[in-house]
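Let the hints inform the model, and build the full structure from the sequences given.
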Amino acid sequence: MDTFDRWRERFADQLREPQLRRLAFALLATGAGLLPLLAGSAQAGLSKMSTDGADTLLMLIGSALVLLMTPGLAFFYGGFTRSKNVLNCMMMSFFLMGLIGVLWVVIGYSLSFGMGFSSPFIGGLEHFMLNGLGGPLGDGPLADGFAISSTSFALFQGMFAIITPALISGALVERISFKAWFWFCLLWSLFVYSPMAKMVWGGGFLGPFGSIGAIDFAGGTVVHIASGVAALVAAAIIGSRSTWPDSKRPPHNVPFILLGAGLLWFGWFGFNGASMFASKTAGYPFLTTSTSASAGLLAWCLLEWFKDGKPTAVGAATGAVAGLVGITPAAGFVYIPASIIIGALTALACFIAVRVKSAIQFDDSLDTFMVHGVGGTLGALLTGFFAQKTLVPADYFPLSAKILEEGGNFGLFVAQLKAVLITYGFVAIATALILFVLRAFMPLRVTAEEEDRGLDFVAHGEEAYDPMTN
Amino acid sequence: MIRPSKLDSVKDALVAIDIVGMTVTDARGFGRQKGQVERYRGTEFKVDFLSKLKVMIIIPDEKLEAALTAITTAAHTGEIGDGKIFVSPVEDAIRIRTGDRGTEAL
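Line by line, the protein sequences give chains A and B.
Read in order, the letters of the first sequence correspond to residues 3 to 472 in the working numbering.
Read in order, the letters of the second sequence correspond to residues 4 to 109 in the working numbering.
It should be emphasised that the hints constitute simulated quantities derived from the structure, not laboratory data.
Values in this document were obtained by computation on a predicted structure and should not be read as measured data.
One thing to keep in mind: the hints can contain errors.
With a Cα cut of at most 25 Å, we get these calculated DSS-like pairs of lysine-lysine [unchecked claim]:
id: 1; chain 1: A; residue 1: K404; chain 2: A; residue 2: K50
id: 2; chain 1: B; residue 1: K49; chain 2: A; residue 2: K312
id: 3; chain 1: A; residue 1: K181; chain 2: A; residue 2: K86
id: 4; chain 1: A; residue 1: K359; chain 2: A; residue 2: K250
id: 5; chain 1: B; residue 1: K49; chain 2: A; residue 2: K86
id: 6; chain 1: B; residue 1: K9; chain 2: B; residue 2: K87
id: 7; chain 1: A; residue 1: K250; chain 2: B; residue 2: K49
id: 8; chain 1: A; residue 1: K309; chain 2: B; residue 2: K87
id: 9; chain 1: B; residue 1: K37; chain 2: A; residue 2: K309
id: 10; chain 1: B; residue 1: K37; chain 2: A; residue 2: K312
id: 11; chain 1: B; residue 1: K57; chain 2: B; residue 2: K14
id: 12; chain 1: B; residue 1: K57; chain 2: A; residue 2: K359
id: 13; chain 1: A; residue 1: K420; chain 2: A; residue 2: K391
id: 14; chain 1: A; residue 1: K312; chain 2: A; residue 2: K250
id: 15; chain 1: A; residue 1: K282; chain 2: A; residue 2: K391
id: 16; chain 1: B; residue 1: K87; chain 2: A; residue 2: K250
id: 17; chain 1: A; residue 1: K404; chain 2: A; residue 2: K420
id: 18; chain 1: B; residue 1: K87; chain 2: B; residue 2: K14
id: 19; chain 1: B; residue 1: K57; chain 2: B; residue 2: K9
id: 20; chain 1: A; residue 1: K50; chain 2: A; residue 2: K309
id: 21; chain 1: B; residue 1: K66; chain 2: B; residue 2: K9
Structure follows, in structure tokens:
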């Protein structure tokens with residue numbers, strides 16, 4: 003029973019099926035007609051460069067690394083579920099490589115990084131099917147001040163668009179209907195991810211060319227806070243698993259969790275490292291990223307060792323991921339000591355968050371909000387504290403550099419806080435609306451019998467581990 | 004039902020008294036042995052069922068006492084959780100390859 007089922011029961015007379023459908027259509031139409039508002043601002047002081055091979059190669063390798071994070075995430079999450087649900091869990095990530103991969107090329111990139119609507123909130127339609135990226139091979143430089151090819155940027159960003167909704171799956175495993183998941187990801191990618199990417203990276207409202215001036219190196223807000231908040235809201239609406247908390251089961255395959263964490267760490271070199279968009283200096287975010295992961299892993303294990311007497315494999319994996327989440331908005335903006343502090347503090351915050359969730363027995367099943375939401379929030383705020391003026395050049399980050407100059411790190415912290423709060427509000431409301439619209443057309447959950455049977459068979463007609471296959 | 008770590012010594016002890024066929028299945032069980040508490044990301048799981056092995060042998064009546072002694076000695080540790088042996092009669096046995104019946108089939 004999800005939240006909307008409960009509302010139905012209570013307001014059975016007032017809420018009738020045809021009325022709900024009409025309301026849902028109306029909301030969809032409004033969402034689709036996103037209106038251009040204020041004009042976007044122009045860039046200043048950046049020179050035209052020609053495409054550089056090494057820089058572009060960085061993006062291509064980075065794209066491959068980030069893509070690997072999606073199957074890596076599938077393993078990381080898959081190890082936690084029951085064996086009868088592991089394929090469904092992994093499909094919730096794996097399938098998006100298909101769905102979002104196509105959606106991004108068709109319209110997603112354009113909505114995230116286009117300028118067609120002249121809006122600080124959403125891109126445009128001019129890059130439909132990746133049209134107009136400069137030359138038949140799109141090998142022109144992305145923009146003034148960048149030597150990477152436009153296609154490599156579009157490709158790289160597409161990998162981010164794929165993994166972000168995949169992260170949300172962690173909160174909804176073992177009970178969400180795969181059909182509902184399909185439509186949810188499609189709508190969420192268009193109406194939440196793309197606006198977020200536009201607002202933070204695409205010269206939009208929240209970023210250094212917009213009104214708020216927040217900085218986000220590789221996706222603390224766009225990826226981690228967005229997916230974390232969406233997970234929280236969706237988990238609250240869809241409700242707990244029927245086996246939670248009374249018949250909860252331990253992870254069915256902890257080695258998968260370690261494998262997944264290793265792949266994620268490896269891929270994160272691309273996620274953060276290649277977000278420098280320049281090969282000579284990319285080594286810096288590579289270093290801060292890995293250091294933060296190490297600090298996070300160490301911190302979590304030490305915390306467990308002191309508190310529970312034993313460091314755990316799951317804890318080591320989670321601590322590393324928490325450190326990686328925390329450094330994501332900060333990687334190219336902070337010095338090395340800060341990266342250690344960020345890794346350790348994020349691990350601590352997530353450690354506490356996970357215990358709180360356990361205590362209140364909220365079924366964000368795989369701790370998506372506790373790690374990505376909490377970690378992304380702390381990382382975004384710490385970026386304000388630790389960002390170095392020399393690493394936030396004014397020609398690439400005009401408003402942010404100005405805030406740092408005039409208000410110091412505290413000023414930047416305030417800008418980060420504003421961006422975080424706006425992100426929370428936007429993502430929470432938009433996610434709830436999307437689920438509300440979907441609910442008018444299909445059930446969000448599988449039935450109790452299907453939950454019991456196992457979603458691998460129910461949704462995919464497969465069994466992960468058939469003991470009789472030989 | 005025996006501890007998994009005792010499989011090799013039980014097998015060796017049975018082979019030593021000329022009992023050369025057995026079937027082993029993974030099992031989870033508990034008797035007086037308490038379960039264990041596992042912790043994953045701050046959530047505790049009480050795991051009552053512990054790993055055991057179910058060893059099944061079919062033997063002629065005259066070997067029963069020897070087999071019981073062999074198994075008991077080999078599987079013993081003195082700690083709670085050593086396991087149990089259940090003895091039950093078998094109506095018939097058939098070797099599928101040749102069609103032998105009764106004790107011939109063992």
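Hint numbers the structure violates, sorted upward? Numbers 8, 12, 16 and 20, in rising order.
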